[in-house]
Amino acid sequence: MRVTWTGGELGFRLDPEDEITGRAADGYPVKLAINSCALSGVPDDAHPDLFAVAAWTVVAPWTRRKITFDRAVSAEVAAALHDGWGIEAGPVGAEPRRAGRTLAISYSGGADSVAAAAVYPDAPFVHFRRVSHPRVPNRWPHYRSDVLAKLAERTGRDLTVVGSDLEFTLAEPRPGYPEHHAVAAGALLLADRLGLGGLGFGYELGSRWLGGDRYVLRYTPDNVLWAPHGAWGRLFAAVGVHIVLPVGGVSEAVTMRLAVNSDLKDQVRWCLRGTDGPCRTCGKCLYKELILAAVERRPLDTPITADRPVARKWRLPPPYGGQEMIEYGLARVPGIEHTLFAKALDHLRPTEESTSWLDHCYPPSIEEIPAPWRERAAAFMAEHVGFMTDDEIRRVETWGS
Amino acid sequence: MMRVLVPARLRKAVRTWFDARYISIADHRQDIRDALWEVQTLRREMAALQAEVERLRNARPPAADTRRAGAAAASDKTAPDKTAPDKARIDDTHRLAQETAKALDGVLQNEVLVWQAIDELRSRLTAAPTSSEERPCV
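If you read the sequences in order, they're chains Z and W.
Its first residue numbered 3, the first sequence is counted upward by one per residue in the numbering used here.
Its first residue numbered 1211, the second sequence is counted upward by one per residue in the numbering used here.
Just so you know, these hints were derived from the structure itself, not from any lab.
Here a beta-carbon is modelled for each residue, glycine too, at the ideal position from N, C-alpha and C.
Any given hint could turn out to be false.
Said to hold, decoys possible - Derived lysine-lysine pairs resembling DSBU-like cross-links, with alpha carbons at most 35 angstroms apart:
1) 152(Z) x 1312(W)
2) 1297(W) x 33(Z)
3) 345(Z) x 267(Z)
4) 315(Z) x 1312(W)
5) 68(Z) x 1312(W)
6) 267(Z) x 152(Z)
7) 33(Z) x 1312(W)
8) 315(Z) x 1297(W)
To be verified - Under 10 angstroms between C-beta atoms, here's a sample of chain W residues computed to sit facing chain Z:
9) 1307
10) 1310
11) 1311
12) 1314
13) 1318
14) 1321
15) 1322
16) 1323
17) 1325
18) 1326
19) 1327
20) 1328
21) 1329
22) 1330
23) 1333
This is chain Z alone, in the form it adopts within the complex (with noise of 0.2 angstroms):
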């Protein structure tokens, strides 16, 4: 693979071991869509390194052996590439970058990023927005990031938006981040300019310790691409911008809890196609909904049923994504046998002893925040959530055996 930078945009070639059909960091097989993609409003002066692994977000799954960037990178990056994905990169050649003292919040305007905003009040937020590739055809309209993007700005808080076209380079299985981590590509860019030092995430307890996405039901303590000493992790990290989780201990029960009852509550959008609200019949709006009913003990509130094509995954049997969270909207909401999620009910039968750990924080989560912001991580959960008991840190860790 090689790379070259002009300004904002990216262009890569492929080495001749390297394929369209590539790996994500999680093995899932992900077609190439095409080899160039653009991101608005970032500096072209960022450390080669930056560069380097904003380019390594986007590339990763389609490089085999080795690549090759358009400027020297430092040796702790191209060690981290060499230790983590069995890469060679070069030319090696630049000092390393040097961590700012900023942490800054990926943003995307969900209830899990709205948490983790709330953990840090004063954070500045970078948000990422799709925009159309000039040379893909975009076949996803519905996909409202205009909507999300002027939510963002309603935050009042300081915001950079990032608009990228990067992910109309996947093809299959549909547009969107080669690597999750691709999300950051436009925060790496700019990492000198807000000195940054730490991203945090909204990834929850699920996605980085249940082996959440298309992962299921699995512990997942060294999460190849969450954990601090995971590959990812350690790349970040050579750049001095570390991965930072501010509520990677709590369920998404809790981070919508703390996200309706934030002051960024009326700015929260999970849903992508929603203009003046969620759409409501999408099935992330559904997903949503039953945490949200579970969350304030009310019946299920949803147009869609159960012959809806959205519902079909709930009439078949477990295991689901994120069915931590299942479990907990099934264990909470009034009357939801009678609900599209009966069957799910019967396969289950979850109860709220069974499913009250996901009311607290795994206290792991915040021993891997690094030390600049570990202190307010750890006064805002013991604030506004409360530490898991042993036995419930038993659940996390005995998930999925």
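Since the structure of chain Z is provided, determine the placement of chain W on it from the hints.
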């Protein structure tokens, strides 16, 4: 109160004159019938308009998603003739869009592969011994 004896003929004439100023019972009946007819016509027009609104409302989602068009058209028994050509056209447009998009995906991917091949050839040429003076342009 003073009562005056009025001759029957005069009384009848006055009464007839008064009655003439009002609509007859027969005319009243006719008016009521007309009004009723009017109401019924309006009711029919309302029902037709409501059906039209319903039809348009049902017709919109299938335009966005042709997979549902089939089901909607099948259930819309009132106007199968009108929706059928629409559905065919929508299906065709959808198919064409899908095929074009897929074809373009292939073109863009091929472009990446062509560059990969060009770069490989180029690197072979630069790696080759330069004893020969003649080298193709790279």
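Evaluated hints:
Distance restraint check for residue 152(Z) and residue 1312(W): the Cα-Cα separation of roughly 33 angstroms lies within the 35 angstroms cut-off, and the hinted pair is therefore satisfied. For a cut-off of 35 angstroms, the pair hint linking residue 1297(W) to residue 33(Z) stands: about 33 angstroms separates their Cα positions. As the CA atoms of residue 345(Z) and residue 267(Z) are separated by approximately 32 angstroms, the hinted pair is consistent with the 35 angstroms bound. Distance restraint check for residue 315(Z) and residue 1312(W): the Cα-Cα separation of roughly 27 angstroms lies within the 35 angstroms cut-off, and the hinted pair is therefore satisfied.
Between the alpha carbons of residue 68(Z) and residue 1312(W) the distance comes to roughly 30 angstroms, so the proposed pair stays at or under 35 angstroms and holds. Only pairs whose Cα atoms come within 35 angstroms are accepted, and residue 267(Z) paired with residue 152(Z) is accepted, the gap being roughly 15 angstroms. Simply put, residue 33(Z) and residue 1312(W) have alpha-carbon atoms about 13 angstroms apart, close enough for the 35 angstroms limit, and the pair holds. Taken as a hint, the residue 315(Z) and residue 1297(W) pair is honoured in the structure, with Cα atoms around 29 angstroms apart against an allowance of 35 angstroms.
A distance limit of 10 angstroms between C-beta atoms decides the matter here; for residue 1307(W) the minimum to chain Z is near 8 angstroms, and the interface restraint holds. At its closest, the beta carbon of residue 1310(W) sits 8 angstroms from a beta carbon of chain Z; the interface hint therefore holds under the 10 angstroms criterion. The closest approach between the C-beta of residue 1311(W) and any C-beta of chain Z is roughly 6 angstroms, which is under the 10 angstroms cut-off, so the hint is satisfied. Because the beta carbon of residue 1314(W) sits about 7 angstroms from the nearest beta carbon in chain Z, less than 10 angstroms, this interface hint is met.
A distance limit of 10 angstroms between C-beta atoms decides the matter here; for residue 1318(W) the minimum to chain Z is near 5 angstroms, and the interface restraint holds. Evaluation of the residue 1321(W) hint against chain Z yields a held restraint, the C-beta minimum of about 8 angstroms falling below 10 angstroms. With its C-beta approaching chain Z no nearer than about 5 angstroms, residue 1322(W) sits inside the 10 angstroms limit, and its interface hint holds. Checking residue 1323(W) against chain Z by beta carbon gives a least distance of about 7 angstroms; that is within 10 angstroms, so the hint holds.
Interface restraint check for residue 1325(W): the shortest CB-CB distance to chain Z comes to about 5 angstroms, inside 10 angstroms, so the restraint holds. Because the beta carbon of residue 1326(W) sits about 4 angstroms from the nearest beta carbon in chain Z, less than 10 angstroms, this interface hint is met. Interface restraint check for residue 1327(W): the shortest CB-CB distance to chain Z comes to about 9 angstroms, inside 10 angstroms, so the restraint holds. Because the smallest distance between the Cβ of residue 1328(W) and any Cβ of chain Z comes to about 9 angstroms, under 10 angstroms, the interface hint for this residue holds.
Below 10 angstroms, beta-carbon pairs count as interface contacts, and residue 1329(W) has one with chain Z at about 6 angstroms; its hint therefore holds. Because the beta carbon of residue 1330(W) sits about 5 angstroms from the nearest beta carbon in chain Z, less than 10 angstroms, this interface hint is met. For residue 1333(W), the shortest C-beta to C-beta distance to chain Z is roughly 9 angstroms, which falls under 10 angstroms, so the interface hint holds.
When held up to the earlier numbered hints, the structure conflicts with none and fits them all.
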